[in-house]
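Visitor: Sequence:
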Amino acid sequence: MIHIALNYSRKTKQVIMLLFDSIALVAILFTAFNIRLGYWYLPENELIWILFGAPVLAVPIFVRFGLYRSVVRYIGYQALWAVSQAVTLYALLWGLIAFMSSYDGIPRSVIVINWMLSLLVIAGSRILIRWLLTADITSQKNSKINVVIYGAGSAGRQLSNALQHSHEYNHVAFVDDNPDIQGSFINNILVIPDSELSQLIKTKEIKEVLLALPSASRRCRNEKVEMLRPLPVHVRSLPSVTELAQGKVKIDDLHEINIKDLLGRETVAPNNALLKLKITDKVVLVTGAGGSIGSELCRQILFLKPKKIILFEINEYSLYSIERELNEFGIPLSEVFPILGSVRDRTRLEQICNHFEVQTIYHAAAYKHVPLVEVNNSEGVLNNIIGTTVVAEVAITTKVETFVLISTDKAVRPTNTMGATKRVAELALQALSTQDHNTCFTMVRFGNVLDSSGSVIPLFKKQIREGGPLTVTDANMVRYFMTISEAVELVIQASAMCNGGDVFVLDMGEPVRIYDLATSMIQLSGLQVINENNPDGDIEIKYTGLRPGEKLYEELLVGDNTSETDNPLIMRAEEAMLNWTILKPILDQLQEAAISANYEMIRELLVKVVPEFKPQCEISDLLYEDEN
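Note that our numbering numbers the sequence shown so that position 329 is 320, with each residue one more than the last.
Fair warning: there could be bad hints in the mix.
Computed spacing ranges between beta-carbons, pair by pair [what the hints assert, rightly or not]: (1) L614 / D336: 17 to 27 Å; (2) I136 / N179: 31 to 41 Å; (3) L9 / I88: 18 to 28 Å; (4) K453 / E370: 39 to 49 Å; (5) N524 / E595: 48 to 58 Å.
FYI, nobody ran anything at the bench for these hints, they're computed from the structure. The structure presented is a predicted model; accordingly, all values stated were derived computationally and were not measured. Glycine included, C-beta positions come from ideal geometry on N, C-alpha and C.
From just these sequences and the hints, can you work out the full model?
Guide: Dropping the structure here:
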């Protein structure tokens, strides 16, 4: 019954309490008369209205004193004092009205008895319900998850208050590194130092640690996460202070530990002037608008209030999804135009740029998955090289002001076809930048972005949900990581610093070993890695070996010649270029070789244009037939 009552809406509970009080008040008056008179008393007709009119008098008083506003299971001394005041006022007014009536058969002591019984029943009913609910909650504690809140600051205390009302969590303790509050009680819950956490986890069977450090730096959060990693608990966290919604902290705000908390690099506040320079009040075209990078570009561009934003995408569903999302933002100052098409279609691109009078292009359309491009050589060349060149030449002929290529660290000393094609695309833009026109070409090079399509992060999450194993190509493989939003924010700023032919490189922080990433994700999910030292763990990490074209580590620079920019996370690289008159015939040959499926010629030309290209494997295109 109690569980059923708890599931009722607040309004329903209030109605039930009101009906109970109304019936009880009438019954109390009958009882008061019977006690005073000493026999079973049935009121005469004239007295019935005085008895049954009691709820009409009492309920407005009870409402005024907030007796139906309080949540019974959390009723306290203040609420009981309000009950006492309301009942006393009601009893006095009822007595006054009764004596002012024409009926003179009401004993004076009935007023006192009515007051005493009303106070007993109205207050006692609420205390009884609270006791029953408390007993019920106590009986359920064993089924709740025992949790510890790391951080006894404002966010931690608000989260603790929320947990008090939770049917899922039992808050056992606070952990805080402030010695001034260690050993004290907050909400009747002990604050302990982190040195005692390991023992508490064992003795109290703690299942989760909730990080309530929203204002802490990324480095500080990283330190706490690293400390918690070896412990057999599931770690979740409140968002950072910039991500928290306005209002009180809620349990719903908790999320799984984000891998960005492990990167250990602080973000740098963006330069708003740089963000707006190439976007605000301009017509902006984004190619590959439905991809991971392209869609985030569209989101951030929209909030910078362009005049128009053109979403150019070959995949119908991806285009539909991003267009619908942007329109749901409800930003009236910008117009959004979804256009299907291929970056290889020169005519369509010219029509688009002329029709909308495009001023800025962010070129994010590319095949980026290394193993797939390795077995689809010709498509990689046609899309990543020829497609980029087509868009760039259209930008020149239609007088686009700024062209920004989204490049990759895999273009540096590439060992795979994807990286080589992206480096050739860079060279094409560098060569075009020396020609006589008004379009400013620039390219931005960065590493892996967290949670992008094809990234290792979503794969690991899926594998953990399925119980493993987690697949790692090599124990020594390392990669640079950055959040999608941060990478795009830096790309937009870099585009504003364009001089022509610039190669901008983003500071990706320290590289992360993929094995360590897999281990962290397992441990922060409250699970253990199966290995020689722990054969009874939960999830295995399995090595699959390097795939075609993959290398153990990535680089961001071909040389060491870099210079600073207005943003400390963006560097300008000075790298060797090719003349357009030399490069253009080779690009034509590459296009012809790709169309004719001449895979050997593709490989030969890529090595010729990019001397630092050291293929890690033989030609692996699925349609390639080795005549030898």
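Visitor: Falls inside 17 to 27 Å, the C-beta gap from L614 to D336?
Guide: Between L614 and D336, where Cβ atoms are some 23 Å apart, the hint holds.
Visitor: For K453 and E370, compare the CB-CB distance with the range 39 to 49 Å and indicate the outcome.
Guide: Check failed, 26 Å falls outside 39 to 49 Å.
Visitor: For the range 31 to 41 Å, tell me whether the beta carbons of I136 and N179 fit it or not.
Guide: violated, 19 Å
Visitor: Between L9 and I88, is the Cβ distance one that fits in 18 to 28 Å?
Guide: holds, 21 Å
Visitor: Starting from the range 48 to 58 Å, see whether the pair N524 and E595 falls in it by beta-carbon distance.
Guide: Distance hint for N524, E595 holds at roughly 50 Å.
Checked against the numbered hints given earlier, the structure breaks hints 2, 4 and satisfies all the rest.
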